[in-house]
Every structure is written in C-alpha cells, then in structure tokens.
Amino acid sequence: MSAEKVKQDYTNIEKERIFEKEFLPHISSMFNFAYRLTFDEDDAKDLVQDTYLKAFRFLNSFQQGTNAKAWLFRILKNSFINDFRKKSKQPPKVDYQEVETFYNSDNVDVSMTTDLRVETVQHMIGDEVSNALNALAVDFRTVIILCDLEGFTYEEMSKILDIPIGTVRSRLHRARNLLKDKLRTYAKSMGYNK
Amino acid sequence: MATNLFIWIKQNLFGQITCQRCLELLELITDGEASPEEERQFRKHIDDCLPCLETYNLEKSIKEMLRNKLEKKQVPEDLILSIKEKIRNTA
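In the order they appear, the protein sequences are chains A and B.
Sequential numbering of the first sequence, starting at 1, is according to the working numbering.
Sequential numbering of the second sequence, starting at 1, is according to the working numbering.
There may be inaccurate statements among the hints.
[Stated by the list, open to error] For lysine to aspartate or glutamate, the following EDC-like pairs were computed, each having C-alpha atoms within a straight-line distance of at most 20 Å:
#, chain 1, residue 1, chain 2, residue 2
1, B, Lys86, A, Glu16
2, A, Lys180, B, Glu37
3, A, Lys15, B, Glu85
4, B, Lys84, A, Asp46
5, A, Lys188, A, Glu150
6, B, Lys69, A, Asp46
7, B, Lys84, A, Glu20
8, B, Lys69, A, Asp127
9, A, Lys45, B, Asp31
10, B, Lys73, A, Asp50
11, B, Lys86, A, Asp43
12, A, Lys159, B, Asp31
13, B, Lys86, A, Asp50
14, B, Lys60, A, Asp181
15, B, Lys86, A, Asp42
16, A, Lys182, B, Glu27
17, B, Lys73, A, Glu150
18, A, Lys54, B, Glu85
19, B, Lys86, A, Glu14
20, B, Lys86, A, Glu22
21, B, Lys60, A, Glu150
[Claimed, not checked] Residues on chain A that point at chain B, a partial pick, calculated with CB under 8 Å:
#, residue
22, Asn32
23, Ser61
24, Leu116
25, Thr153
[Unchecked claim] Which chain B residues stay away from chain A? Per the calculated CB distances, all over 10 Å, these:
#, residue
26, Glu39
27, Arg40
28, Lys44
29, Asp48
Calculated from the structure, these hints are not laboratory results.
Glycine included, every Cβ here is placed at the ideal spot set by N, Cα and C.
Sequences and hints are given; from them, build the entire structure.
So, in structure tokens, the structure goes:
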C-alpha cells in the first residue's frame, strides 16, 4: 500500500478495466465484511457502495498488480470508522490501554483454553459461532474476520488497520481469547462440556 | 567424550523449546506466519507434548470452524448495478 503515494494516470478504459477485473471480484467479501461490522443489510449495502465509489474516485492512487482486496478493505474500514460509525448507534470504542497491555508473551494463559474441547467446537453450528463472533467488540471482531475468514497476513492487516504488526498480533490474541470465552460459556449453557 | 556430551546437551536440552515458547509460536503457526525454523521447533515440541498438541488442535479447529461454519450473505442483486450507475453519473 506504499503504492498509494505514487499517483497513476489511467485512461478511462483502464479505469473501467481495473474496476471490473480487480475491484468487483471482491464484492462478496466486502459485503460480508460490511455486514459483520454493521449487522444490517441496508447499512452494509451503503457501506460497500460508498467504498466502491471512493475506490473509483481515488483509482489513480491504486497501482495495478498490488493487493486490490487489501486496498478496498482499508477504504471500507476507514469509511466505517469515519462516516458510518458516527451516524450509527454502535457502542463506543474499546479502551485498548487496558486490553492491549493484557497480552504479554511471558504469560501465556494456558488455563483459559483447557475446558473447551475440539469436539465441542466441531459440534457447534453456524448460528452459535456467529453469535459468539458478533458478541465481540467491533475492533476485536474485525481482526478475526480479516485473519481467519479473509486470510489476510499480519502485514496486510497492519496496513488495513493502520496499526503496527505487534498490535495486530496482540489484538488478535486478545480477540481469540475473548471468542473462546464466548464459546465456552455457550458450550456450558448447552451442556456440551459434560 | 567432552565433544559428544556437548552435542548431546545441545541437541537434547537446547534443541527443544519450552511449553511457554511453544504457545507463543502457536498463533504464528496456525496463521502461517512462522519462519521455517520456528515451525520446525514447534513441530518437534508437539511431537512429545500432549497438552501443547491439544491446545494446537483446539486453535486449529476454531480457525476452521470460523472459516467453514459462518453463513455467507448473498450480495444483493441490485448492488453492483447501483454502484455502476452511480459511477456513470459522477464520471
């Protein structure tokens, strides 16, 4: 995404081609990401539309052959934070002072995972998984979506989210522990862990 | 004799990572971000350590569950058309 600093000068035909061949193929991932941020189909549509319009408007900042999907996700994430979240009734941002200092590589919390079993996880159905993920604060949900659902690398996530790789790792670690807590609570309430 | 002992210590004491190091590497491994050397050390450790192997299998299964079980929303049919139309109007 350092390519953003280099302005291109595409013809209208080139712009159309890039838009069709490099941007539009990601619309399903974009829509699903937007839906998991907003929990509303109409809002997700607006967010994706807004993202694609911005991407077209700033197409000269995109360099062909670089990662279009990461570039689009970055625009969508920024649109969500700057435009959408202000208008919506989303809960306030999590205080990272507390949560990100939680992660300490000298103190890996083995005990937190001990009562959740592989078989329990394998028996869970889509709705249960979805509820657990959706219960996480948006910034934690985001890193799990980017890493586990969309398969972005730490470096790509760092660029999409504008945070250092170390913070990507710590946020991901914390997000996964929180997700495991939700899954564990759910498993217990369903009597899975007997 | 002394050389043999040195090799034995190097291989058996220093070649094996601790459980704590193994758990630090765990997410790098499941996310495909570990170096080949880290991967080798990790595999060597879980070959002999059941608790770490179980933790690894749990992390892997959660990642697979997220990828495979979450419902994918269909993109609304009119979305692409609407985007294209807006672009045409602003061009």
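Check: Can you name, in rising order, the numbers of the hints this structure does not satisfy?
Finding: Hints 2, 5, 6, 9 and 23 contradicted; others consistent.
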